[in-house]
Each structure stands twice: as structure tokens, then as C-alpha cells.
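Chain by chain, the residues run as shown.
Number of protein chains: 2
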Amino acid sequence: MSTDQFTFTVSKTDGTARTGEIRMPRGVIRTPAFMPVGTAGTVKAMYPDQVKALGADVVLGNTYHLMLRPGAERVAQLGGLHKFMNWPYPILTDSGGFQVMSLAALRKIDETGVTFQSHIDGSTHVMTPERSIEIQGLLGSDIQMQLDECVKLPCTDEVAEKAMRLSLRWAERCKIAFGDQPGKAMFGIVQGGAMEALRIESATQLSALDLKGYAIGGLAVGEPQDVMLRMIEIVEPHLPTTKPRYLMGVGTPDDIVEAVRRGIDMFDCVMPTRAGRHGQVFTRHGRLNMRNAKHAEDTRPLDAESKCAASNSYSRAYLHHLVRSNEILGMMLLTWNNLAYYQELMAGLRKAIAEGRLNDHIAEVKEGWAAGERAGIAEHADNVAIAGED
Amino acid sequence: MSTDQFTFTVSKTDGTARTGEIRMPRGVIRTPAFMPVGTAGTVKAMYPDQVKALGADVVLGNTYHLMLRPGAERVAQLGGLHKFMNWPYPILTDSGGFQVMSLAALRKIDETGVTFQSHIDGSTHVMTPERSIEIQGLLGSDIQMQLDECVKLPCTDEVAEKAMRLSLRWAERCKIAFGDQPGKAMFGIVQGGAMEALRIESATQLSALDLKGYAIGGLAVGEPQDVMLRMIEIVEPHLPTTKPRYLMGVGTPDDIVEAVRRGIDMFDCVMPTRAGRHGQVFTRHGRLNMRNAKHAEDTRPLDAESKCAASNSYSRAYLHHLVRSNEILGMMLLTWNNLAYYQELMAGLRKAIAEGRLNDHIAEVKEGWAAGERAGIAEHADNVAIAGED
Numbered sequence: 011m012s013t014d015q016f017t018f019t020v021s022k023t024d025g026t027a028r029t030g031e032i033r034m035p036r037g038v039i040r041t042p043a044f045m046p047v048g049t050a051g052t053v054k055a056m057y058p059d060q061v062k063a064l065g066a067d068v069v070l071g072n073t074y075h076l077m078l079r080p081g082a083e084r085v086a087q088l089g090g091l092h093k094f095m096n097w098p099y100p101i102l103t104d105s106g107g108f109q110v111m112s113l114a115a116l117r118k119i120d121e122t123g124v125t126f127q128s129h130i131d132g133s134t135h136v137m138t139p140e141r142s143i144e145i146q147g148l149l150g151s152d153i154q155m156q157l158d159e160c161v162k163l164p165c166t167d168e169v170a171e172k173a174m175r176l177s178l179r180w181a182e183r184c185k186i187a188f189g190d191q192p193g194k195a196m197f198g199i200v201q202g203g204a205m206e207a208l209r210i211e212s213a214t215q216l217s218a219l220d221l222k223g224y225a226i227g228g229l230a231v232g233e234p235q236d237v238m239l240r241m242i243e244i245v246e247p248h249l250p251t252t253k254p255r256y257l258m259g260v261g262t263p264d265d266i267v268e269a270v271r272r273g274i275d276m277f278d279c280v281m282p283t284r285a286g287r288h289g290q291v292f293t294r295h296g297r298l299n300m301r302n303a304k305h306a307e308d309t310r311p312l313d314a315e316s317k318c319a320a321s322n323s324y325s326r327a328y329l330h331h332l333v334r335s336n337e338i339l340g341m342m343l344l345t346w347n348n349l350a351y352y353q354e355l356m357a358g359l360r361k362a363i364a365e366g367r368l369n370d371h372i373a374e375v376k377e378g379w380a381a382g383e384r385a386g387i388a389e390h391a392d393n394v395a396i397a398g399e400d
Numbered sequence: 011m012s013t014d015q016f017t018f019t020v021s022k023t024d025g026t027a028r029t030g031e032i033r034m035p036r037g038v039i040r041t042p043a044f045m046p047v048g049t050a051g052t053v054k055a056m057y058p059d060q061v062k063a064l065g066a067d068v069v070l071g072n073t074y075h076l077m078l079r080p081g082a083e084r085v086a087q088l089g090g091l092h093k094f095m096n097w098p099y100p101i102l103t104d105s106g107g108f109q110v111m112s113l114a115a116l117r118k119i120d121e122t123g124v125t126f127q128s129h130i131d132g133s134t135h136v137m138t139p140e141r142s143i144e145i146q147g148l149l150g151s152d153i154q155m156q157l158d159e160c161v162k163l164p165c166t167d168e169v170a171e172k173a174m175r176l177s178l179r180w181a182e183r184c185k186i187a188f189g190d191q192p193g194k195a196m197f198g199i200v201q202g203g204a205m206e207a208l209r210i211e212s213a214t215q216l217s218a219l220d221l222k223g224y225a226i227g228g229l230a231v232g233e234p235q236d237v238m239l240r241m242i243e244i245v246e247p248h249l250p251t252t253k254p255r256y257l258m259g260v261g262t263p264d265d266i267v268e269a270v271r272r273g274i275d276m277f278d279c280v281m282p283t284r285a286g287r288h289g290q291v292f293t294r295h296g297r298l299n300m301r302n303a304k305h306a307e308d309t310r311p312l313d314a315e316s317k318c319a320a321s322n323s324y325s326r327a328y329l330h331h332l333v334r335s336n337e338i339l340g341m342m343l344l345t346w347n348n349l350a351y352y353q354e355l356m357a358g359l360r361k362a363i364a365e366g367r368l369n370d371h372i373a374e375v376k377e378g379w380a381a382g383e384r385a386g387i388a389e390h391a392d393n394v395a396i397a398g399e400d
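Going line by line, the protein sequences match chains R and W. When the letters of the first sequence are read in order and numbered with my numbering, they come out as residues 11 to 400. When the letters of the second sequence are read in order and numbered with my numbering, they come out as residues 11 to 400.
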């Protein structure tokens, strides 16, 4: 199935949406794809074979965390991240830049790169575009991301433009550093805040670099959903149709279906895993907060029709008990359910695109969520903060 | 395989040790048996099907925890503990008395029972022998334990005697409360501190009650191993050979093999699960502390010859990383490894007794631990505090 080259083929389009396959030596990624986040070399509270069995073709590793602990050189010495974490399938790594900005202390950014102190032990590190690619190479990552500067929204036009232009220059440096690796890929990242002109310029200039894939970064950082979707719509016509498009750090199930509709092929988000550790579940009938006392005597499973044991074999009353008791098994089962739902959502979207009925399918998916709300099955659940690491 | 009656048959003896089967409607317990502790309706950090697959025939539930949360009446309403926790096989429950003594606030003990306040919400509860049996019945427990008074060692003879006699009177009340339940069992508990005469009197008088099984309680509460083993040796001749003997809350692998040699059939202990959550592992080559920096670049699995994936498929370097990073997967894998080792230990003891070579087998097992020490494989690991709940 896999090849010795990194390739992307679109097998079917439906409006702007498309379904296809990314192939590489370590496996095939069916798109649109959701990538579970494995921050520190583990998709939290999941065995790797469970993650694969749910239909995940690729997981994300966080360069910032792994470079600090256990260290990129150590991972390389141990045979690379795939072997280290028992995940022989594709791995995408971020550049580390996003976490440097959100987690590290004493960050200093200039043309060269970012200097920062570890949030673990206070040690000082320098992250340049070249070092980011070097680290991702030491980890053995199949899809590597350029170092970029991601600004928080809202921001001034000047800040957005400065970060976008720096990110473009860093993309060129990362391309050179990455060089020629036929079985792997380095993706560029479109920046530009919420400014349409900046986003278009970023996409156009990155496209000219003829990279193997393109991400849209700097979204899902606090802006309303309509701003995010508008930016996707603005950027999409300026990205090559022949390359995968990855919307970084997104998102809720609703964010994902709307972004797929607008032509996005790849997603990652901590939401299903982090929410699962905080008592929140995603189902075809919407979201539930398992801490809620109303589940205490409910003998129904989360979803009797799901193929996932976490969803079909444990009562809501039991899950409620585990969450209330802070039991590890509660986190294990809720995370499992959530990742199962996300993968089921992606499989449904892929099938609907292949059948040319994406809009109808999305309407049905949303009807499922809304029916849950009407039946009082779903409930308001506080949003779990989204960030790029889990 | 199972029957509608609770029965115990010894198939082979080897010195004082014996191997056999406890049968009951929910399944067969192969003895000597180790019962993983499922305090609050979950063997921590394990899916129930994993626990069964390792060879556990029975798990222990803690009455104190379950009566407070989610509540015995609620568990009964939800169909019983087996259904609640997805464990259709035998369950043994303790009486709740040990945890009342160790966890609850404002305990007051008299002839009637124990009055205490919940450590969760401060609510006041009364635990009598009859209420303990009622609660264990509501949970649906297959093997129920009498309420007893367990004293800390060392203690004065007067304290030990008073607690032993109270426990004897409570055993009679529990027997009456339990009544006639052919498929289930109520076990008495031998008390008497470290006083030989008291232990013998307790065992003799409990035997006269013709209960379905007998536990030895009040050991592994801080006394040296030789005191514990001496108490087992003293008590054993005074217990009927036709009934299972359960050493409560024990223990280390070494405690277990020595107690099996002295005729014990059943064990429970939090050690494998609790140690697994604190970075410590048990192997054929002794104990390891995975926090230790010496594992950071060790690509070997914990035990390449084990059939357990946690033991044979993940490098020590990776486990070290997970433990250092406080990752849930680290607790999951170490707990899994430890329970696998404990069940492997029990299977080996059963086989050796059946083959009439227990002493040789125990010598080989201990040689494995010692060889690990000599090779620097095993290392001093701080003992994880042992207590009756996990």
C-alpha cells in the first residue's frame, strides 16, 4: 500500500471538499484525517494499538516537549520516535514554535530564531528554523512543520504582518534545512492573523516554494468560528489543489465538518483527549459532561451503536462514578470514546465526499447533535481550553 | 465449569501447601489465587478484560469505598457490582471495617458496631456486622467477609484479646445475617494480634462456626515478615483443611510464596497496582524503580519472555520517560506488568504444587530475584505502603 515516496492523491471532490490518500513509507493517511495528539510520546491514557484500531493513520508529536524530555538526540539514539512510542505508522511533528510561545519562559524572538527557557528545568535553548528541522529529523518524523511565529488573535495588522513575513523567511530556511527526503515531507504554514490580504500573500508565497503540503496556522486561538472559516475560504483558492492542507489545532466536531467542507484534509486537536480527562464526552448525540449528577443512575451506554467498547459497554452511571472518583479508568474510557467518535466522524466525512453527498451528510450529523440537545441527551459542557499540546 | 453451589476442592497438596479450585455460579477460582484490588469498582488503570486475560479469576471490592460512593443501594439498583464494573466473574468484598479504621474520621467502636464519618463528605454512618453483610449483599458480592476489629501491631495483649473476642462475636452475628446462600460464601477472620494463644483460640472458635472459608486478618500491618509467617504456622493446623484460607492484604511476592508454602489459598494486595502508579515494577528478576536515571537509555523491555505486552513490547527507556513525565500510560503499563507478574507467580506456584515440587520451584523463583540483584538488574526500591485499599 505504501510507497517509497511521499505522495498525495485526491480520489474524489465534492464542492471544495476532497477525499484522498497521503502515502509514505510508513503508511497511508486517509484524508480528511484527524490526528490524535501524542504530546510527549504518548496519546494520553491510550495504548498505541488502541489508537490505531480506532482508525487513526497518523499521530502528532510535540517537538517542544520531546526536545526537552527525553531529548531529541536521546530519542534518535533509541531508534527514533516511532520505535520509542511503539507507533510504526506515520507521525507528524509540529515545529515546537507554538509551545515555545505558550509554555516556555523568557522567550526572545528575532530573525535567527527563538531563545527560551524550559518550563521543566529552566534550562536555556535556542530554536532556529534549522534546529527545529534537525530535531524533527532526529525524532524521525514523517511530516515535519516549518518553524513559524504564531500570534494571538486579535492582534494589530502590524504584528500580524511582521509575524507572517518572518514565518515566510523561516519557511525558506526550513526548506533548505529539510533538503531532499523523498519519503518524508516538510509543510509550510500560512500565517497572517485575521487579515485577508496577509493570508493571501502568505499562501501565494508559500505555494511558490513548492512544498509537499500546507498548513493554516494561527487559527483556533480564541477567535470566533466565523473568522476561522472565513480565513480558510480566503486561503483555499491560493493553495495548490495537489497538496494536502492541514488546519492546525482544530477543533470541535463542528469546526472540523465546516473546515472539511471548505477543503481541509488534515486536523489535530487535543480536544478529544483533554476533554476525556476532564469528564467530557463527544457522541453522535452531542456533548455530555459525565460529572453531571443526572448520569448517576443512567444505565445506558454512551452510544449503544458505537463499535468502541468504551462507548457501548459501560453504563453512564459507571462512567459518572469513575469521573467523580477521579479514577484513571474514567480518563481511559472517556478518552477512548472521544477518539472513537472523532475517527468515526472523519470516516463518515470521507465516505460522504466519496459518494458526493457531503452537504447532506453534514446536515445529518448536525441533526444528530441537535436531536440530542432536544432530547436532553446532550448538555451544555464548558469548552475545554484548546491548545497545541495535550 | 461452575456450579450452583459454593464449593472448594483441593486437588493436590505438597507439604502444607495445596492447590485446588473454589467453584461458584460466577466462575472458578484456581488456588492459590491472587485477587487484584478494585477498591472503588475499578482495578486502577486497568480495563476489566485485561485483568481477566492476565489470569485473575476474582477481584476484591472495598465495601467502605463503595458504600460511600456510589452507595450500596445505588449499585444494587444498577444491577449489582459485577454489572456496574463489567466484571462478570467472582468478586470478594471486605467488610469495610479495615478502611473505617484507617480512613474514616471520628470512629467510635462498641459492641454494636462502628460509627464513623465519611472521609469524602463528612457524613455519619453506622456499620454493624449486619449492615456490613447487607451492604455486601446489595453489592452482589460472591465472597463476603465478616466485620472484624483489626488492631495495629505491635499492640498490648489486652487490646489484641479484646479485638479478637469482639470479632468472634461479630462473626456469629454475620453468619446469622448472611443466612443460607448456597452459591455464595461468608468468611470468618482470625484475629489475635501477634499472640499465639489468641490466634489459636480465634481459629478454633471460628472453625466451630462451620463457615465456608477463613481469613487470617490483622497481619501485614507493619510487623516483620517472620512474625507474620509464624502466625500463619500457628493458625494453619486449627483451620479445617476443607475450607479456603485467605491471608488478607498480603503482600510482596516473597510474602506470597512463603504463605503459599504454609497453606494459604487466597491473597489480595494493593502492592502491584499501587506500585505501578508510583514507578515501581515487579519482574522475575526482582524489583525496579523506573524513575531511576539508569533506565533512561535502556532499550530492553522489562521481560522479553513475558507474554504481557506491557512487559515485552516497551523499552525501559520509554517507561522511564513516561514515569518521569507523569504520563497516565506509564501507570497503565506498569500496573499491567505488575499484575501480569503476580498472576504469573501464582500460576507457577499452582503448577509446582500440582507437580509436587513446590520447594524447588520457590528456590528457583528466589534465585531469579537474586540473580537480578547480582546482575544489577534489580535495585532497591522503596516499599510502597501497603494498605487494604488501593
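Since the hints were made in silico from the structure, they are not lab data. Mixed in with the good hints there might be a few duds.
Treat identical chains as interchangeable: a pair holds within one or across any two.
[To be verified] Using 20 Å as the maximum straight-line C-alpha spacing, the simulated EDC-like pairs for lysine to aspartate or glutamate come out as follows:
hint, residue 1, residue 2
1, Lys93, Glu337
2, Lys317, Glu121
3, Lys185, Asp313
4, Lys361, Glu374
5, Lys118, Glu365
6, Lys162, Asp24
7, Lys253, Glu243
8, Lys317, Asp59
9, Lys172, Asp120
10, Lys172, Asp313
11, Lys361, Asp131
12, Lys22, Asp308
13, Lys253, Asp14
14, Lys304, Glu83
15, Lys376, Asp264
16, Lys172, Glu182
17, Lys253, Asp264
18, Lys361, Glu31
19, Lys317, Asp67
20, Lys93, Asp313
21, Lys361, Asp264
22, Lys172, Asp59
23, Lys93, Asp308
24, Lys253, Glu233
25, Lys376, Glu365
26, Lys93, Glu307
If you're wondering where the values come from, they're calculated on a predicted model, not measured in any experiment.
So which of the earlier hints does this model not fit? 2, 3, 5, 6, 10, 11, 12, 17, 22, 24
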